[in-house]
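Please arrange chains B, C and D on chain A, whose structure you already have, making use of the hints.
Protein chains: 4
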Amino acid sequence: MSAEELEAFLYSHFPDMKNPSFRVEKVDEHFAQVRLLYHDRHLRPGGTISGPSLMTLADTAMYIAVLAMIGPVALAVTTNLNINFLRKPAQADVIAQARLLKLGKRLAVGEVSMYSDGSAEPVAHATVTYSIPANLETA
Amino acid sequence: MSAEELEAFLYSHFPDMKNPSFRVEKVDEHFAQVRLLYHDRHLRPGGTISGPSLMTLADTAMYIAVLAMIGPVALAVTTNLNINFLRKPAQADVIAQARLLKLGKRLAVGEVSMYSDGSAEPVAHATVTYSIPANLETA
Amino acid sequence: MSAEELEAFLYSHFPDMKNPSFRVEKVDEHFAQVRLLYHDRHLRPGGTISGPSLMTLADTAMYIAVLAMIGPVALAVTTNLNINFLRKPAQADVIAQARLLKLGKRLAVGEVSMYSDGSAEPVAHATVTYSIPANLETA
Amino acid sequence: MSAEELEAFLYSHFPDMKNPSFRVEKVDEHFAQVRLLYHDRHLRPGGTISGPSLMTLADTAMYIAVLAMIGPVALAVTTNLNINFLRKPAQADVIAQARLLKLGKRLAVGEVSMYSDGSAEPVAHATVTYSIPANLETA
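Protein chains in written order, with numbering that gives the first Met the number 0: chain A, 0 to 138; chain B, 0 to 138; chain C, 0 to 138; chain D, 0 to 138.
Next up, chain A with everything else stripped away, as it sits in the complex (with noise of 0.2 Å):
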């Protein structure tokens, strides 16, 4: 699928983000990248995106990430997300990149660094794992 494809399955699957606030920028094999446009809405006090934004960030680009290799698949799940905030984000853009360090027929497990726009530091790193759903196992 290609990085348009992914969006718009994304939009038609997740009402809950029908403002764009997500862009497919990139996918390759085993890799996404996925911006969050910057929007007052994702702030928290003191001025810097919030938690929650970038841990949905986080998963979106993991997700992302693993139906590029499988296909459209609504129903894979998360099941396991560990994430450090690490630098106070800019008032821009947030950059994931996801990198999918196994695909397995049961488990997918990536690992997800976020950068504000034009910054080299992260602001995030998270890992994520997500359960395939058994009916892709014998397909």
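If you are wondering where the hints come from, they were derived from the structure by calculation, not from laboratory data. Treat the hints loosely; a few may be bogus.
Since copy identity is lost for identical chains, a pair holds within one copy or between any two.
[To be verified] Below 27 Å or equal to it, Euclidean Cα-Cα: the simulated BS3-like pairs (lysine-lysine) are:
#1 K101 with K87
#2 K87 with K25
#3 K87 with K104
#4 K104 with K25
Model, not experiment: these values are computed from the prediction.
Here is chains B, C and D on its own, set in the frame of chain A:
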């Protein structure tokens, strides 16, 4: 601070929560209970509460547990969150119970168990670390 | 399986534990209590029990809690372990209490609280996920 | 500090590592590579390197990466470690590559990828947080 004061503080500082999705139900020594009100916009494909909604709930419940102990410090920030998704949530409110495991001068660590209303089996479990602002250390 | 049988199973399958560092003290429905016997070789600079010793204890306690439920399956393997180190341990035994949060067909998830013997405040807290071998699924 | 100095420091401060299981192979800006020498006592049932051995390796590699930047501070302590076990390790050395994501005054956060010698696919991946002693902050 009382549960009502903490809920009011939450809404006044986090504009994104102005449609009251969260209700602070109870605070006690090292403990907070927060309810995520069921709403269609929390759903993901398959009809369950989305992972990001549960992550936001875990983070919020821990934040309330910390604020209940140290007072209204909007700038306490999450440094680490680890969540395991255990069961498909029901189409119902989700209740989070946050317990502080450590409340140090620099870091607070707690665990959060989340249940669909009316169920005894947890739908998710998180551990969360908050960093406490340095100006409190000398206060 | 009883606590004694589980401890014997542990030593017979893990040659590295042949000097009995661990004692299985209690098993119950979704619960296990394992004691790490105090010994100089667990120390790290500063005179405290080392982090790796506590990680091994958390992993072992969870393993025992899983085996107590599903029987002696040596090949159950850890897929994720997350540990927070909370306080400097005393120069004493460490007691781990593992509770299963979920025992599914493919994954078991639990949390482990660890205490220095005689203290009510945890020194560390872990969440652990075990993968259960596929041949059990059809058994 | 050089790789040789860091390895000597490690052995002099951690009596449990006196049989040289770990070799510090390389240190660089925000980076360390540490090798776990293959030995039967690291095995678990099924003939693979045990989870605790990999956790100890991840913790050690991160410790070396931190010390290489801040100098020989034996009392830096791990506050959080999260590890995903990805593949069955080969009966071979395991090589850990630790990269610092953040080196703050109070906390250092890094990620560690671990590979069986000769393989390009990681056997495990960890994120580790170290707390840096307060006396360094004012030094």
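A quick look at each hint next to the structure:
1. With identical chains, the CA atoms of K101 and K87 are at most 27 Å apart between copies only, with a shortest distance of 12 Å across copies and 30 Å within one.
2. With identical chains, the CA atoms of K87 and K25 are at most 27 Å apart within one copy only, with a shortest distance of 25 Å there and 31 Å across copies.
3. Taking CA atoms no more than 27 Å apart as the test, K87 paired with K104 passes between copies only; the shortest distance there is 15 Å, against 37 Å inside one copy.
4. Taking identical chains as interchangeable, the C-alpha atoms of K104 and K25 lie at most 27 Å apart only when both belong to the same chain, with a minimum of 24 Å there against 35 Å between chains.
Hint compliance for this structure: no hint is broken.
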